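Student: Here the protein sequences line up with chains D and S, keeping their order.
Just so you know, we're using our numbering here: the first sequence kicks off at 1 and counts up by one.
Just so you know, we're using our numbering here: the second sequence kicks off at 1001 and counts up by one.
Treat the hints with care, since some could be wrong.
Unchecked claim - Here are the simulated BS3-like cross-link-like pairs (lysine-lysine), alpha carbons at most 25 Å apart as the crow flies:
no., chain 1, residue 1, chain 2, residue 2
1, S, Lys1018, S, Lys1333
2, D, Lys284, D, Lys297
3, S, Lys1014, S, Lys1053
4, D, Lys284, D, Lys17
5, D, Lys145, D, Lys110
6, D, Lys110, S, Lys1333
7, S, Lys1053, S, Lys1208
8, D, Lys253, S, Lys1110
9, D, Lys145, S, Lys1145
To be verified - On the chain S side, residues computed to face chain D include the following (Cβ under 8 Å):
no., residue
10, Val1037
11, Leu1045
12, Asp1046
13, Pro1048
14, Leu1049
15, Ala1051
16, Ile1094
17, Asp1099
18, Gln1109
19, Pro1114
20, Leu1138
21, Ser1151
22, Gln1290
23, Glu1291
24, Leu1293
Keep in mind that the hints were calculated from the coordinates and are not lab data.
Owing to the predicted nature of the structure, the values given are computational and were not obtained by experimental measurement.
Beta carbons: idealized from backbone N, C-alpha and C, even for Gly.
Chain by chain, the residues run as shown.
Protein chains: 2
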Amino acid sequence: MTLMSKVQPLEFLKETKKQIDAYIFDFLPSGHRHPEVHQFYEMMLDYPLRAGKGLRPAICLLICEAFGGNPRDAFNTAAALELLQNWALIHDDIEDGSDLRRGEPCLHQKHGIPIAINVGDGLHCKMWEMLNRNADLLGYELAFKIASEFSQLSNHVVEGQHIELSWVDSNRWDLTEADYWTMCIKKTASYTCTTPCRVGALIAGASKNEMDLFVDMGMNLGVAFQIQDDVLNLIGEEKVYGKEIGGDISEGKRTLILIHLLNTCSQTEANRVIEIMNQRRAEKHPDEIQEVLDLMKHYGSIQYARQRAQTLAQQAYTQFNQTFSYLPASQAKDIFLHLIHFFIEREY
Amino acid sequence: MTLMSKVQPLEFLKETKKQIDAYIFDFLPSGHRHPEVHQFYEMMLDYPLRAGKGLRPAICLLICEAFGGNPRDAFNTAAALELLQNWALIHDDIEDGSDLRRGEPCLHQKHGIPIAINVGDGLHCKMWEMLNRNADLLGYELAFKIASEFSQLSNHVVEGQHIELSWVDSNRWDLTEADYWTMCIKKTASYTCTTPCRVGALIAGASKNEMDLFVDMGMNLGVAFQIQDDVLNLIGEEKVYGKEIGGDISEGKRTLILIHLLNTCSQTEANRVIEIMNQRRAEKHPDEIQEVLDLMKHYGSIQYARQRAQTLAQQAYTQFNQTFSYLPASQAKDIFLHLIHFFIEREY
């Protein structure tokens, strides 16, 4: 396989997603004579079957090819990134009390929390099993280096998740942009951008120094991605976006937008916003969600976040271009640069 | 280190537990300048710090030594078994709605379900990170074989857990001893006995054929262990056992004891038992739990389970002695044989 055919970024995303999905469906077990185990296998397929973007595997394959590697060698690893995304989303949806994921009820809404936790654990195990496959494909040493990247990544993801959950648990609202930044780098940026780039380069034979050059760029681009996600959550089209619009306000999520609002509005308004945000999800009236949204619009918080995301993505674009100017021109490199724009222009 | 000093089985368990615990505490992160991450590290230490039995690592080290290996080589793997136990228990306690674990409130009772799910995920990641350490200690090839054993094991554990959870979810009570057996082999026997034996032997250089000889014995002993656990849950001393006595009845758990009762008592009694078992935990009156317990005693269900556990453990004892009669006499072998008795004689 080569990525060098004439394709547009969005077509490339779609094509990659199709290939990685097929690879994952071939890997995940699909039938068992024991009816309960059979049902478990079906549940493990639920989130992977939903229409995700497939951004992370695409980044991994593109960077692998841009560094002169064969993207086929990165297939297990790209699929493992997608499996990480899926187990983490199942647990994240429970932890946040979410309703919708990719346009359908969340797994725990369909089957209850106990079963959904365990299905997430099942996919988590499958992620490591997928990574074990690298031993045959790439040899033991490289396979181990990739597994170590995933170990570091997983540590970041759970730590970032804990920071966010503990803000909710301890009713913390006195947050700064720096707090958001720390949480977001750990929770989102590492697995959305930094690690997909690093492992793609690693598989292509990049040095440790080259891999480390992705840290700053990955942070900027990954945080830009999350901010855009938070913006879409407030002003997106539910059918396109796939989650409930305003869901972050229902869930009391500490987004950059909310942090900007609380640090910009009057004390009385801030108290009212916190009062609404602190209510349990079911107790929040749509009018109250609208009230918070109106204040966000009034104080330019959404606009601020959009600009922040654009600046970060622009920085990432420049960093990539300058840092890796020595890489030969390739369509993979071109598509990756175009993807950076997609990160902040997307509507889903 | 050698296990060949003159020690009794219980002393050996205690000593091994101390050493593996120290190894795990040295491995798990213990401090971070970011207060929320610091708190997360403390929560990951919570279950490992509680007084577990350390049976699984002990089995792994003993079998390694009985096969002529150096137990020091099995330390990472024994510690990974203990980490598996801990992440699985955190999630299991949420899934079962349990109150107590090892004499203290369950993690989700202390910090809420969202944070506890994520702490379990954190320890799950740490299990694989611990297994990655085997590359330096044992070389890539052996490290990968061990990781593959853990992949298979993890698949069994989540599948067994799903079988049990789906019985609860679909209100199934028409279960046979064969149903219990299938669930219990997957959920408990694999990680309590079969895999600890297999990886211990693998590290000592045993062949695949030799490892496969542990499958039958591990099933028998592992199921015996679980049955004894279910017996203790009903008639143990809460302070010694560390969980609430009768908790399995509160949780509506399908134990061998309950399955025996339902298949032995009258239809009217069975209907009444199912009615009580189906109630939500909080709605169950202590008198109703006692009612079920009295019926179990009346129909000899607890006695039946005890005998079943004894027969299974005796089979395991004979199987081990016969199958591995070619292993030279060693104290490790002796202690392992003594441990088999502990499996069904223990009170905690």
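Student: Against each hint, give a clear statement of whether it holds in the structure.
Tutor: Each hint, compared with the structure:
In summary, the hint linking S/Lys1018 to S/Lys1333 is supported, as the alpha carbons are separated by about 21 Å, within the 25 Å threshold. Restraint check for D/Lys284 and D/Lys297: the C-alpha separation of about 19 Å stays at or below 25 Å, so the hint holds. With a CA separation close to 8 Å, the supplied pair S/Lys1014 and S/Lys1053 stays within the 25 Å bound. Distance hint between D/Lys284 and D/Lys17 is unfulfilled; the C-alpha atoms sit about 37 Å from each other, more than 25 Å.
This hinted pair does not check out: D/Lys145 and D/Lys110 have alpha carbons roughly 38 Å apart, beyond 25 Å. The hinted pair formed by D/Lys110 and S/Lys1333 fails the criterion: a straight-line CA distance of about 49 Å is larger than 25 Å. Straight-line distance between C-alpha atoms of S/Lys1053 and S/Lys1208 comes to about 29 Å, which puts the hinted pair past the 25 Å bound. Distance check on the hinted pair: D/Lys253 and S/Lys1110 sit about 22 Å apart at the alpha-carbon level, within 25 Å; holds.
Proximity of D/Lys145 to S/Lys1145 is assessed by CA-CA distance (about 16 Å); at most 25 Å being required, the pair is judged to hold. A distance limit of 8 Å between C-beta atoms decides the matter here; for S/Val1037 the minimum to chain D is near 5 Å, and the interface restraint holds. Taking 8 Å as the C-beta contact cut-off toward chain D, the hint placing S/Leu1045 at the interface is violated, the least distance being around 14 Å. With a cut of 8 Å, the hint placing S/Asp1046 at the interface with chain D is violated, because the nearest CB-to-CB distance is about 13 Å.
Contact between S/Pro1048 and chain D, as hinted, is not supported at the beta carbon level, the nearest pair being about 16 Å apart and thus beyond 8 Å. Given the 8 Å rule on beta carbons, the hint for S/Leu1049 is violated: about 18 Å separates it from the nearest Cβ of chain D. The beta carbon of S/Ala1051 is not positioned within 8 Å of any beta carbon in chain D (closest approach about 25 Å), and the interface hint is therefore violated. Taken as an interface hint, S/Ile1094 checks out: its beta carbon lies about 6 Å from the nearest beta carbon of chain D, inside 8 Å.
Interface hint at S/Asp1099: violated, since its Cβ lies 15 Å from the closest Cβ of chain D, which is beyond the 8 Å cut-off. Taking 8 Å as the C-beta cut-off, the interface hint given for S/Gln1109 is violated, the closest approach to chain D being about 14 Å. For S/Pro1114, the shortest C-beta to C-beta distance to chain D is roughly 4 Å, which falls under 8 Å, so the interface hint holds. Of the supplied interface hints, the one on S/Leu1138 is violated, with its beta-carbon coming no nearer than about 12 Å to a beta-carbon of chain D, more than 8 Å.
At a threshold of 8 Å, the smallest CB-CB gap from S/Ser1151 to chain D is about 4 Å, leaving the interface hint in force. With a cut of 8 Å, the hint placing S/Gln1290 at the interface with chain D is violated, because the nearest CB-to-CB distance is about 26 Å. A distance limit of 8 Å between C-beta atoms decides the matter here; for S/Glu1291 the minimum to chain D is near 26 Å, and the interface restraint is violated. Restraint check, S/Leu1293 versus chain D: the minimum CB separation of about 25 Å is more than 8 Å; hint violated.
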